[in-house]
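Q: In the order they appear, the protein sequences are chains F and U.
Using this note's numbering, the letters of the first sequence correspond one by one to residues 1244 to 1355.
Using this note's numbering, the letters of the second sequence correspond one by one to residues 49 to 297.
Keep in mind that the hints were calculated from the coordinates and are not lab data.
Take these hints with a grain of salt, some might be off.
Dumping the calculated DSS-like pairs for lysine-lysine here, alpha-carbon to alpha-carbon at most 25 Å [as the list claims (entries may be wrong)]:
1) U/72 with F/1280
2) U/155 with F/1340
3) U/72 with F/1332
Stretch by stretch, here's where chain F covers chain U in the computed footprint (C-beta under 8 Å, at least three residues) [claimed, not checked]:
4) 69-83
5) 246-259
From the three backbone atoms N, C-alpha and C, an ideal C-beta is built for every residue, glycine too.
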Amino acid sequence: MGANIVTLTSSTFDETVNSSTKPILVDFWAEWCGPCKMIAPILEQIASENGEDITIAKLNVDDYGDIAGRFSVMSIPTMILFDKGEPAKRMVGAVPKSRLLEELAEFLPSSR
Amino acid sequence: MGPELMSRFREQASRFGAEFITEKVTKVDFSARPFRVWIRDTEYKAQSIIVSTGAQSLMLGLPRETELIGHGVSTCATCDGFFFRGHEIAVVGGGDSAIEEASFLTKFASKVNLIVRRDVFRASKIMQERAMSNPKINVIWNSQVTELHGTETLSGVTLSNSVTGETTQLPVTGLFIAIGHRPNTDLFTGILDMEDTGYLVTVPGSSRTNIEGVFACGDVQDHTYRQAITAAGSGCMAAIDCERWLEAE
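Here chain F stands alone, though its shape is the one from the complex:
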């Protein structure tokens, strides 16, 4: 996992998401999920290229199913963007980088 990516747990989730000054994109994933592995390198790129605007975080649904359940995650990868602690955008499935960046565009002011 890239150095720029925050690893969330049940005990750090709320504090990290609520106190984040930047929008934070949480990737709900698991070791056994193929599409999650396909999107992982793309998220690493976004973390290093757009780190100024956005924080990328990962939450393992196998280990922290309580958090996944709270947000009704029923398919992975699911990526939820939290802005000021509130879910602002939700994406399901592995998508190409350009599509992901388009979806996130409004939260990436420096890249415009």
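Given the coordinates of chain F, assemble chain U onto it according to the supplied hints.
A: Coordinates of chain U only, in the frame set by chain F:
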């Protein structure tokens, strides 16, 4: 598992200098060399091309199906089965992969309804036996899903029986669709030879297409085997065909 094999191959290719551009190609021009490929406005040129665009899951084509993906509707049992622990769910399809998904899902779900369009399976005998002998699998014959219910997440489906004409409600929170695949070849219509079903045609025993210098491998040209290992093998064939062709040119 397939995905792990893929990620290891990817790492290996990258170690040997392959550069990855994870995008959807929007247009191709194979009429002259170098061949040209576009991703929106960006143009790439290549002396040779290997097409391995794969196949995608067919969907039922029902209203709200797309918006319910990730909210109860799924095409990937291994990805999403985990979230249906103790739930009653359904799998649509009568082939090997539908039964494989249904069997896998019994690890999590309390009950798996297998919805089959006809009164027989398309699956191999051994897979049929697997389905019939699993106490958690309930086969519903002659039936099709005609409606999806639920606002935020799936809460049930309407089934229509093609013999009696009756409709019934099935209260499932998960619906796994396994009715087959469609090759991703729209981009090559009128350019590369394909079968009526859209699969690319290659010269038997090779990865050559009708255009010299353009090769095809994997599920995009194989509707028979469609296994990670056969796709990987045909990928190796394409790499060798391509290398030899380039050397000879």
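Q: Now look at each hint and say whether the structure bears it out.
A: Going down the list of hints, with the structure as the test:
{"no.": "1", "hint": "U/72 with F/1280", "verdict": "holds (18 Å)"}
{"no.": "2", "hint": "U/155 with F/1340", "verdict": "violated (34 Å)"}
{"no.": "3", "hint": "U/72 with F/1332", "verdict": "holds (23 Å)"}
{"no.": "4", "hint": "69-83", "verdict": "holds (count 3)"}
{"no.": "5", "hint": "246-259", "verdict": "violated (count 0)"}
The earlier numbered hints that this structure contradicts are 2 and 5.
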